[in-house]
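Chemist: Residue-level listing of the chains:
2 protein chains.
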Amino acid sequence: MKRSDFTSDDHLYIQVAEGLEKMIADDVLKIGDKLPSVRLLSDEYGISMGTAFQAYYHLEGKGLIESRPKSGYYVRFNHKRFRDLPKTLPAASISHDVSVKEMIGSIYHDIAAPSTINFALAVPDPSLMPIAKINKSVMHVLRNHKYSCLNYEHSQGNPELRAQVARLAFNWGGKIKPDEVIITAGCLEAVMVCLRAVTKPGDTVAVESPNYFGLFQTIEGLGLKAVEIESSPVNGMDLGGLERAIKKYSLKACVATPNFNNPLGGSMPDENKKRLVELTTKNNIPLIEDDIYGELYFGKHRPRTCKHYDTKGMVMHCSSLSKSLSPGYRIGWAMPGKFMDRVRQIKRMQNISSPTLTQAAMAHFLQNGRYEYHLKNMRKALYTQSLRYMQAIIQYFPDDTKVSRPNGGFILWVELNKKVNAFKLRAEAMKHGISIVPGKLFSASGNYDNFIRISYGKPWDNDADYGMMMLGKIIKKMIG
Amino acid sequence: MKRSDFTSDDHLYIQVAEGLEKMIADDVLKIGDKLPSVRLLSDEYGISMGTAFQAYYHLEGKGLIESRPKSGYYVRFNHKRFRDLPKTLPAASISHDVSVKEMIGSIYHDIAAPSTINFALAVPDPSLMPIAKINKSVMHVLRNHKYSCLNYEHSQGNPELRAQVARLAFNWGGKIKPDEVIITAGCLEAVMVCLRAVTKPGDTVAVESPNYFGLFQTIEGLGLKAVEIESSPVNGMDLGGLERAIKKYSLKACVATPNFNNPLGGSMPDENKKRLVELTTKNNIPLIEDDIYGELYFGKHRPRTCKHYDTKGMVMHCSSLSKSLSPGYRIGWAMPGKFMDRVRQIKRMQNISSPTLTQAAMAHFLQNGRYEYHLKNMRKALYTQSLRYMQAIIQYFPDDTKVSRPNGGFILWVELNKKVNAFKLRAEAMKHGISIVPGKLFSASGNYDNFIRISYGKPWDNDADYGMMMLGKIIKKMIG
Chain F
1 MKRSDFTSDD
11 HLYIQVAEGL
21 EKMIADDVLK
31 IGDKLPSVRL
41 LSDEYGISMG
51 TAFQAYYHLE
61 GKGLIESRPK
71 SGYYVRFNHK
81 RFRDLPKTLP
91 AASISHDVSV
101 KEMIGSIYHD
111 IAAPSTINFA
121 LAVPDPSLMP
131 IAKINKSVMH
141 VLRNHKYSCL
151 NYEHSQGNPE
161 LRAQVARLAF
171 NWGGKIKPDE
181 VIITAGCLEA
191 VMVCLRAVTK
201 PGDTVAVESP
211 NYFGLFQTIE
221 GLGLKAVEIE
231 SSPVNGMDLG
241 GLERAIKKYS
251 LKACVATPNF
261 NNPLGGSMPD
271 ENKKRLVELT
281 TKNNIPLIED
291 DIYGELYFGK
301 HRPRTCKHYD
311 TKGMVMHCSS
321 LSKSLSPGYR
331 IGWAMPGKFM
341 DRVRQIKRMQ
351 NISSPTLTQA
361 AMAHFLQNGR
371 YEYHLKNMRK
381 ALYTQSLRYM
391 QAIIQYFPDD
401 TKVSRPNGGF
411 ILWVELNKKV
421 NAFKLRAEAM
431 KHGISIVPGK
441 LFSASGNYDN
451 FIRISYGKPW
461 DNDADYGMMM
471 LGKIIKKMIG
Chain W
1 MKRSDFTSDD
11 HLYIQVAEGL
21 EKMIADDVLK
31 IGDKLPSVRL
41 LSDEYGISMG
51 TAFQAYYHLE
61 GKGLIESRPK
71 SGYYVRFNHK
81 RFRDLPKTLP
91 AASISHDVSV
101 KEMIGSIYHD
111 IAAPSTINFA
121 LAVPDPSLMP
131 IAKINKSVMH
141 VLRNHKYSCL
151 NYEHSQGNPE
161 LRAQVARLAF
171 NWGGKIKPDE
181 VIITAGCLEA
191 VMVCLRAVTK
201 PGDTVAVESP
211 NYFGLFQTIE
221 GLGLKAVEIE
231 SSPVNGMDLG
241 GLERAIKKYS
251 LKACVATPNF
261 NNPLGGSMPD
271 ENKKRLVELT
281 TKNNIPLIED
291 DIYGELYFGK
301 HRPRTCKHYD
311 TKGMVMHCSS
321 LSKSLSPGYR
331 IGWAMPGKFM
341 DRVRQIKRMQ
351 NISSPTLTQA
361 AMAHFLQNGR
371 YEYHLKNMRK
381 ALYTQSLRYM
391 QAIIQYFPDD
401 TKVSRPNGGF
411 ILWVELNKKV
421 NAFKLRAEAM
431 KHGISIVPGK
441 LFSASGNYDN
451 FIRISYGKPW
461 DNDADYGMMM
471 LGKIIKKMIG
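The listed protein sequences derive, respectively, from chains F and W.
Under our numbering, read the first sequence as residues 1 to 480, first letter to last.
Under our numbering, read the second sequence as residues 1 to 480, first letter to last.
Treat each hint with caution, since some may be false.
Put simply, identical chains are the same to the list, so a pair is met inside one copy or across any two.
Listed below are the simulated BS3-like cross-link pairs for lysine-lysine, each with C-alpha atoms no more than 25 Å apart in a straight line [as the list claims (entries may be wrong)]:
#: 1; residue 1: Lys274; residue 2: Lys200
#: 2; residue 1: Lys312; residue 2: Lys175
#: 3; residue 1: Lys225; residue 2: Lys338
#: 4; residue 1: Lys175; residue 2: Lys282
#: 5; residue 1: Lys136; residue 2: Lys30
#: 6; residue 1: Lys424; residue 2: Lys338
#: 7; residue 1: Lys87; residue 2: Lys477
#: 8; residue 1: Lys146; residue 2: Lys133
#: 9; residue 1: Lys62; residue 2: Lys380
The hints are simulated quantities; they were obtained by calculation from the structure and are not laboratory data.
Model the full structure from these sequences, guided by the hints.
Modeler: Structure representation (structure tokens):
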């Protein structure tokens with residue numbers, strides 16, 4: 001295609017853009033593909049660099065492509081082929097049945113099974129981790145720590161690690177002192193000690209629906225009742241629904257994952273975060289914020305947190321390194337605001353303190369700026385993976401499949417044809433060594449029978465391709 | 001002294017023994033001192049090796065000296081100077097008051113404070129640990145583990161570590177399969193997950209009195225009620241008392257530390273362990289056995305455990321490596337018998353799993369027989385330390401001081417003059433940088449005002465000598 005092919009100079013860039021758009025719609029350019037550089041495009045089409053840039057700018061505005069800093073332009077979406085978002089079902093507040101508990105057990109059982117094609121666990125593949133550099137940090141602290149980390153750590157955690165966690169908070173506008181941080185064994189323990197700090201058995205707490213199944217188990221295990229608040233992939237927890245629940249129940253806490261919600265993948269707009277904090281604070285309800293996916297954003301900026309809007313110490317912010325750096329090290333933290341004393345006491349009662357070695361190693365790693373560098377690469381990798389998995393769903397799954405569009409994190413939320421029972425789908429898939437999570441696990445009300453959660457934490461390879469293809473086959477067979 | 005000094009050949013060995021006994025009573029030979037070898041004694045006294053041996057054998061029978069394999073004879077006790085055992089006070093079942101909670105917080109705060117002369121924490125000094133060999137195990141697993149231990153571990157724990165823990169159980173006559181073991185973050189977490197598995201808030205559990213303060217906090221934190229059962233340094237938990245409590249309350253669990261009880265230092269006779277298991281099993285009450293000090297015995301054999309007598313899976317055995325190898329690694333375990341499924345579920349809800357790295361490193365360390373070798377040295381060191389600390393109490397503390405005679409573990413239980421308020425004593429001692437635990441913390445009933453617990457985990461040195469001397473001075477001043 002040369003300049004002479006175009007009919008009007010005025011809309012030259014639009015014509016170039018339309019040509020590219022057609023190539024995307026026809027799958028000549030696939031989601032995740034890198035586009036030619038501006039210089040190459042200008043050479044190829046015989047247009048000026050400015051016009052080439054304008055064409056990309058136009059497509060970016062339409063959400064079809066995107067620029068990645070220092071990398072170039074990539075195909076992002078294919079309007080023609082993508083369909084609706086999965087729908088949200090009404091929430092309830094009853095308990096999980098026994099089959100769901102067994103299912104959760106079987107999913108966690110896969111954690112360390114190396115032979116499974118694991119789309120079930122929302123964890124990063126170890127190949128995405130800076131293993132050699134982390135090992136260097138471990139060896140550094142073994143050599144330099146007075147007792148090689150054999151002694152007990154403070155219940156509140158390694159002071160240097162707390163300083164580093166406080167430093168990370170700058171990215172979302174947090175002004176946190178190291179003394180306001182407590183280290184836990186992962187984010188789930190952080191959420192749990194926060195819950196225990198502000199509730200007693202029999203109390204009622206508000207949670208988003210759908211929601212991470214581990215949270216339901218934790219809540220039930222503490223003898224608490226959960227009121228599910230409808231949550232959308234676009235706006236997060238429905239604040240109107242929360243307001244009604246506050247009037248109806250005596251809520252002792254509210255647990256929310258405002259950024260890259262599990263399983264919906266979406267994030268609450270900043271304005272809503274602010275309103276959520278105001279609403280809960282006004283009603284004297286501690287807000288437990290699970291920000292475990294917060295650093296894994298695909299956009300240009302770290303999304304804000306609810307903690308950023310906290311003026312009264314009523315937000316108990318929880319996060320970890322488990323999704324982004326070192327799952328097996330079990331390093332998480334809470335910033336429990338005014339409830340620090342009680343949280344520290346509960347952590348101590350639970351297991352005295354977290355291990356000294358893993359804390360010291362992570363403190364050293366974070367101290368050296370290696371984390372920021374690693375995160376940049378990881379975000380890119382995850383974003384590319386999200387597109388590859390979405391493309392596989394388009395390619396292999398039936399046409400009536402609906403899928404979320406995560407803007408961070410690890411997870412695709414997939415709505416299948418009503419004929420598909422996801423429990424049966426999982427059982428069939430496991431015969432081929434493929435693990436997924438049925439949607440029913442994400443709501444205590446037992447909804448989402450025909451939904452599944454697929455994690456794209458595993459880099460795209462032949463196994464992943466085979467796994468997604470087989471899933472598509474099984475689903476098609478189940479629809480009949 | 002030569003053979004000619006003795007009047008009758010028949011009682012020659014007795015005369016030598018009596019001479020030595022007088023030297024012990026007069027403090028010429030101090031507790032913990034090494035005695036001359038049999039050969040040297042025979043030379044010095046001009047007696048046959050057989051007579052020298054008989055003299056030592058006689059003194060050993062009286063409990064004044066003891067032989068240590070491959071090391072020789074040591075002074076063990078000084079009848080003349082030792083006084084009564086501390087007494088046991090009536091037990092109750094009310095809650096700790098606020099000042100006790102604050103005190104517990106302040107004691108844990110000392111955990112990582114390097115400048116304190118710490119007699120408060122029942123932990124081994126890092127200098128007693130095989131640091132270099134443990135580091136080798138860490139480096140081995142970093143190099144040889146597929147993902148350098150960055151991935152999640154099974155909720156139940158590293159399979160090889162569980163196999164090693166099962167192997168350790170042979171020493172107390174346990175026939176345990178690796179599948180019957182679950183790894184936890186230390187012994188306290190093991191006890192906690194076991195408690196949560198068999199109780200719900202509002203339930204009542206039986207515990208020994210006095211008892212480890214962390215246990216009271218854990219029980220209260222879970223919303224449980226504790227019934228204290230009187231416990232003696234000689235027989236452990238009073239089984240008659242337990243039987244009465246069973247009739248009076250609907251007990252949902254019984255928690256006991258049969259070996260080297262904290263703070264009493266004594267152990268339950270094996271016959272009582274058997275009866276305790278029979279009594280609780282017959283009444284369908286799960287018995288949570290805390291055996292954290294079990295490997296640190298000063299006698300010739302590893303004491304048996306309650307788990308050894310368990311035929312119905314009703315004993316939930318808990319222990320750890322925190323007191324004997326690697327406090328900061330937070331490696332403990334439970335053998336929860338028939339309650340395994342529930343325990344595993346609770347561990348998962350609490351923090352998914354314990355860290356992969358520390359588990360793999362300890363598995364490697366235990367695999368290589370290094371633990372047994374280390375334990376042998378550590379038992380010797382602790383025993384010597386126990387004698388040195390006892391001697392310091394005799395030397396520096398007032399004459400009416402009463403002290404326990406631990407046969408394992410880390411702890412001396414000390415009864416002071418009634419005029420001494422141990423809370424005030426601690427406050428005074430902390431001004432000199434000396435940390436001890438007031439006895440009041442060991443009973444929810446608030447008894448033991450004039451008792452203190454002293455840990456001898458710190459090797460004897462000038463600091464320890466200064467600390468004990470200062471404590472003695474402060475106590476004498478408080479009595480006036």
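Chemist: It remains to establish, for every hint, whether it holds in the given structure.
Modeler: Here is what the structure says about each hint:
{"no.": "1", "hint": "Lys274 x Lys200", "result": "neither (27 Å within a copy, 37 Å between copies)"}
{"no.": "2", "hint": "Lys312 x Lys175", "result": "within (13 Å within a copy, 55 Å between copies)"}
{"no.": "3", "hint": "Lys225 x Lys338", "result": "within (24 Å within a copy, 28 Å between copies)"}
{"no.": "4", "hint": "Lys175 x Lys282", "result": "within (22 Å within a copy, 58 Å between copies)"}
{"no.": "5", "hint": "Lys136 x Lys30", "result": "neither (39 Å within a copy, 49 Å between copies)"}
{"no.": "6", "hint": "Lys424 x Lys338", "result": "neither (46 Å within a copy, 30 Å between copies)"}
{"no.": "7", "hint": "Lys87 x Lys477", "result": "within (23 Å within a copy, 76 Å between copies)"}
{"no.": "8", "hint": "Lys146 x Lys133", "result": "both (22 Å within a copy, 15 Å between copies)"}
{"no.": "9", "hint": "Lys62 x Lys380", "result": "within (21 Å within a copy, 76 Å between copies)"}
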